[in-house]
Every structure is written in C-alpha cells, then in structure tokens.
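Student: Chains A and B, in that order, are what the protein sequence lines are.
According to the numbering used here, the residues represented by the first sequence are 1 to 247, in order.
According to the numbering used here, the residues represented by the second sequence are 248 to 517, in order.
Derived from the structure by calculation, the hints contain no laboratory data.
Idealized CB from N, CA, C, for every residue including glycine.
One or more of the hints may lead you astray.
Said to hold, decoys possible - Not the full set, but computed from the structure, chain A residues with beta-carbon under 7 Å of chain B:
1) Thr60
2) Ala63
3) Asp129
4) Ser131
5) Arg158
6) Gly174
7) Glu231
Claimed, not checked - So the derived label-pair ranges between C-beta atoms look like this:
8) B:Ile271 to A:Pro121: 27 to 33 Å
9) B:Ala496 to A:Ala200: 44 to 50 Å
10) A:Pro121 to B:Leu499: 42 to 48 Å
11) B:Ala347 to A:Arg239: 38 to 44 Å
Unchecked claim - These stretches of chain B come out as covered by chain A in the derived footprint (C-beta under 8 Å, 3 or more residues):
12) 351 to 359
13) 475 to 489
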Amino acid sequence: MRRLAPLGALAVLSALAGCGGGGEPQLTVFAASSLREPLGDYAETFAGAEVRSSFAGSDTLAAQIRQGAGPDVFAAADNADPAELHRESLVGKPVPFAANQLVIAVPKGSEIDSIEDLTEPGTSVLIGDPSVPVGSYTREALSRLPASERRAILANVRSEEPEVSAVVAKLAGGAADAGFVYVTDVEAAAGELRTVPLPASLRPEIAYAAAVVSGSGERQLAQRYLDGLLEGEGETALRRAGFLPPP
Amino acid sequence: MRRRSIFGLVALIATLVVLAFLVIPIVAIFTNSSPVRLIEALGEQSSRDALWLSLRATLIAVAVIVVLGTPAAYLLAMREFRGRALVLTAIELPLVVPPAVAGIALLASFGPQGILGAAVADLGIELVFQTAGVIVALVFVASPFFLRQAIAAFAAVDTRQLEAARTLGAGPFRSFLTVAVPSARSGLGSGLALAWGRALGEFGATLMFAGSLQAVTQTAPLAIFAEFNSPGGFVGALALSAVLIAISAALLISVKLVGGERALDAGAQP
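With the hints as extra help, turn the sequences into a complete structure.
Tutor: Put into structure tokens, the structure is as follows:
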C-alpha cells in the first residue's frame, strides 16, 4: 500500500493541473494593459466560455506569442504589433476595433495645463518605453513639436515605463508631475488624475486592433469574441470606458 | 536490501531530473543563439549602460550592506536580549517578501507620498527615478542574504578566543576586527556573494520604486525586459542574461575558492 502513496500524490497533482476544465471551454485573451477595464467587464458578460485575460504591454504580449505562448485572442493598443505577428503567420488578419486619444495626465491639483508647461526644467515627466505602443505614440506626438521644445521635454523624462498602467500608477502615487497616457486611463483614474489635452496638430492616430491567434484551439469562439468587440457587449464595454469607434 | 536498491534508483532518477531541470535553461541562454550574435548584441549602448549601471549600483549596495551589516550581525549574534527572535524574523522578512511587495513597501515608506517621503525630501535626497533609489531597493532586498549568513557565522565563532583576546587587552572593537571577523570570514564571504547575486538580479522593486531610464535606473534585468519587449530584441535579452549568469557563476566560484568547500554551507543551517 505504502508504495502506492507517490502514485496517489501524482493523481492529486494531475487533478489539480487539470482543474477548471469543468464544462465551459476556456478562452485566453492577451490584451493591452489600457484595455484592462473594458475587457475585464466583457470577459464577465461573454457567454459560452470562461474568458481568462492577461493584461500587459502589447509589445510584451507580442514577444510572448512569438516565443510560443498560445492565447486565443490578441488585442493590442496599436495595429503594428498584431500586423507584425500576422506577417509572421502567428495570428490572423488584425481587425481595428477601437480608437483612443493620447493625452497628458497630471495629478489632481497640478498647475500644469499645457504641453508647454512640460518644458519647464525640473518638471518630472513619465513616458512609455519606445517598444510599447503608448511610448511610440508619445514619440510621434513629440516629433511634431519644434525641436527645442521636444528636447526640453525629453530632458525632463524621468522614466520610460514598460506599460501605460505603470505610468498611471506612478502618477497616481504622486511620483511624477505629468505623463503621456491614453484618455481612457485618466477616466479610469478620475479620482486621482486630470487630463491635459494635446493640441489637435500633435495627436497621433491611435487604432487598437485584435486578431485570432493562429494556434488557437477555439477559433470559432475567438472569432465570436472579436465580433463582440465590434458590435455587442464588448463594444458596449469599450464605449463605457471612453474608447471611440475604430477609424 | 531490495527496497534499498529501489530507493537508490529513484534517488538517482530524481537527481538527474533535478539537474537537467536546473541546468538546461542556463545552457539554453548560451546556445539559443550563436556566440557572435550574442557579443554583437552587447555592443548596443543601452546594453552597456545597463551593465555599467548594474555594476556600480550593486557594488555600492553591497558596500553599504557589509559596512552596516557586519557590526549589526555581530551584535545580534553575540547579545541575548528580549525580542531577539522577533528582530531576527524582521531582518529575514525581505527574504521571502515578493519583489512587487518590496516595491510597494518602499514607495509607501520613502516615496513622495510615503510616511517618510517628506522627511527624505527635506534632507534634499531624491530617490524615486534616481540611481540612489535603485541602490535603496537593492539594499532592501539583498541585505537579509548577508545578515543571515553573517549572524550564523558570528554565532559559530569560538567565544573562548574572544575572551582570550580581551584578557590580552584587546578592546571590543579590536577583538571584533582581529578575532571575530577573521574567524567568520567564510560565512561573511558567502553572505556577501549571495547578497551581491540577489542585488544583480533585482527587478520588480527597482522598476516600481526607481523606474526605468537608460543609464540612470535601467539596470541589466530591466534592460533584459525592455529588450525582450522590442521586436527582434530576444538576442539582446539573451546576451545580457548570459553576462549576468557569468558574473553570478564567478561570484559563486570565487567564494568557494576563497572560503573553501564549506563556505557556502556555513550558515545555511542556522
């Protein structure tokens, strides 16, 4: 009997590993960290599957998919990351499903109210890492500024964060004076942060695109999830969080 | 007899599985890409900045840990006082606290809105988004590794030798320096190496507390993450990882050579 004990332990382990598989199929969604709120809501209302979402920088998620991670859906804060994965045949054709706006976020009570204020020496500014979408949008916006202003703002950059939610968290914690984030992030943190809009001439076009991952074992479900982002409960959740219709 | 041989076989298989599981990922870092490409990837300015920053920040952190930690460990090892067990537990807590918790804890204490944030700012010290903040994070997460080993090493020092030094006229500081430290040296050395290794690998607390900016706060582990995130950056991430592994291995080996075989075991059993 005693010799069977390890077998029993193995059986328990494998049961644990396989748990959660009761009934509903699972759908794994990799999504940009700015989508945390709407896609978290959508996951709860999505019928017919248990949705598990992993939120991180779109670039991190793309790198994970490239290294063999196998989600069913990839929803990015840009078109570039899924389009690149599509070229590598790792995901299906990306579908734009929402638009967003780049803004300056400042802590409530801050006196900053224009992008020029960020050129003041000593102002601490946070931006995204160049590889994460919010970081590349920020650099696109800054590139449209006169060179002297751009240099002054870049000299005030104190940290390049790996995802937009890290910029928001540090601003909310009062660690910096301003940061470049999406307007939806400020709405989600409305108690702590305030928006300073960018002049229209600086605003980059921001389209979020999603795709079904090629290796998905639940392609029909994944497609239905994608459709729901364009029309249905996903779309409703996106609008509620302040995302705009796709361009 | 039969049972024993079955156990021997099981133990052998377990050992092989453990070895393979621990060694394969390390080997993969070096063999996943060609050495030429790894060395090329290290030529990037951001990689060199990260390694240089990691070297500077960890050296300063380890120096702070050793200078403050050695006398503290000596006192804690030699004195009996009420609440000693509590103090020892408090010292070891950062050892098991998740790095993300360490980051939050540092922000809550020394951050701009932390309980000591205003006091730190009044002293004219800037930590968040500064190299100094990186060092604070490293000291916080790595010092228990040194303290734990150092306390165990001092506790194992023969008190009769210390008494002999005293009777010969040595003051407390002199007997600490000439008797206690030399006899505890292998434990101190291994504690130093473990603390240094932990500091080199620090990621979460640094990112949360100090941020990530090239040449200021982006240490090698943060640069590895940034490289991993960039398209085509996997080789760069591998190259930096290879350097960190080589440094860590060198640390371990040098301690074993200096302190003898038992250096890393001393203090492992408190």
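Student: Now look at each hint and say whether the structure bears it out.
Tutor: Evaluated hints:
1. Thr60: holds (5 Å)
2. Ala63: holds (5 Å)
3. Asp129: holds (6 Å)
4. Ser131: Holds, about 4 Å.
5. Arg158: Nearest chain B Cβ about 4 Å off; hint holds.
6. Gly174: holds (4 Å)
7. Glu231: violated (32 Å)
8. B:Ile271 to A:Pro121: 27 to 33 Å: violated (51 Å)
9. B:Ala496 to A:Ala200: 44 to 50 Å: violated (55 Å)
10. A:Pro121 to B:Leu499: 42 to 48 Å: holds (46 Å)
11. B:Ala347 to A:Arg239: 38 to 44 Å: Once the Cβ atoms are compared, 32 Å apart, the range 38 to 44 Å for Arg239 of chain A and Ala347 of chain B is violated.
12. 351 to 359: Held - the region 351 to 359 of chain B has 3 residues with a Cβ nearer than 8 Å to chain A, which meets the minimum of three.
13. 475 to 489: Coverage by chain A holds for the region 475 to 489 of chain B (6 residues, Cβ < 8 Å).
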